[in-house]
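Q: Generate coordinates for the entire structure from the input sequences, incorporating the hints supplied.
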Amino acid sequence: SAPIERVVTREKISFLTEESAVTLDFHRAPPTPPLTSYTVLRNKLDPWLMAQAEQAGAQFIPGVRVDALVREGNRVTGVQAGDDILDANIVILADGVNSMLGRSLDMVPVSSAHHYAVGVKELIGLSPALIEERFNLASHEGAAWLFAGAPSNGLMGGGFLYTNRDSVSLGLVCGLGDIAHATKSVPQMLEDFKQHPAIRPLIQGGTLLEYSAHMVPEGGIAMMPELVNDGVMIVGDAAGLCLNLGYTVRGMDLAIASAQAAAQTAIDAKARQDFSAASLAGYKRALEKNGVLRDMRHFRKLPGLMENPRLFTEYPRMAANIVGDLFTVDGGPVPPLRKTILSHAKKIGLVNLLKDGIKGATAL
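In our numbering, each residue's number is its place in the sequence shown (first place is 1) plus 381.
Think of the hints as simulated: they come from the structure by calculation, not from any bench. Please note that a few of the clues may not be correct.
Restricting the straight-line Cα-Cα distance to at most 20 angstroms, the calculated cross-link-like pairs of lysine to aspartate or glutamate (EDC-like) are [what the hints assert, rightly or not]:
#1 Lys665 x Asp676
#2 Lys502 x Asp427
#3 Lys665 x Asp611
#4 Lys565 x Glu400
#5 Lys502 x Asp676
#6 Lys727 x Asp737
#7 Lys393 x Glu513
#8 Lys740 x Glu695
#9 Lys740 x Asp676
#10 Lys565 x Glu399
#11 Lys425 x Glu435
#12 Lys670 x Glu607
#13 Lys665 x Glu607
#14 Lys425 x Glu399
#15 Lys425 x Glu572
#16 Lys425 x Asp406
#17 Lys575 x Asp547
A: Given below as structure tokens:
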């Protein structure tokens, strides 16, 4: 069976200031497939997937860099690695969001820096018993937790935490267009995130096992490339398939769905012995059918919403101040809830609240 870490039964969203956290915590019994959500580690899942493909007849050549695509006229007919050429009826590009191979075909445009984000992650080892105690989980149950505000130092981005069987994946994402103006480096943001009062007790005593970084697409459908050409299809991050919805992040599921669609399209094209763009257009139809392109269109306005700096500065602070006032007993008269909310909302500006609310409603 697949190397699953934990079944996600607890979803959390937190707004962080430097010293406080306001958290929405949703817990439920493990849902039944196909509604089940899992945490996985790619360094375990990917080799397992590779083994499944090899058993089905695929051949893997790891550790080889593809330098260029081989073309006959406008059609892609293989790949070049150093002096070696590997012929292919179809090439499926999955070379990440910065797809140099896709750009060499003029299929992948160069997007604005605001369409990209840099993610950094640490894998911190903890015992299963300690994870279950600290995150209030039963055996084999897991938590998925997103953070806005302090993790990205008020810039476009946020933090994340996922519980694995005997480790925790902790990291943050920061918009590439904002990094140039940041007062902290991304590694320093991660260190500060780890020291936040809401995070530090959860990872205390843990052992750093891995450190990794990854650039991810954030531009939505506006940055999606041409998906099909003669002899070639583009999938996953290279196709810009990622949705940061604020309350959840969809990346791996879209990558897997696009790979499945491309694989079936390749099988059908081979049966016809037709590898033209017209024949491979079934890939786009499959992405329509499985809902990937539908979701990308539906959330087309979301990247623009995420460029609003108030989402990562003023709104987390407003949430913390409101909740802090609600739970503070100082011996004085208790103001009505509406007055407490209004007093802090005015600091942002009622016009800004209205504009942001309308923009958020239309984007989501």
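Q: So, against the hints stated earlier in the document, which numbers end up violated here?
A: Failing hints, ascending: 5, 14, 15 and 16.
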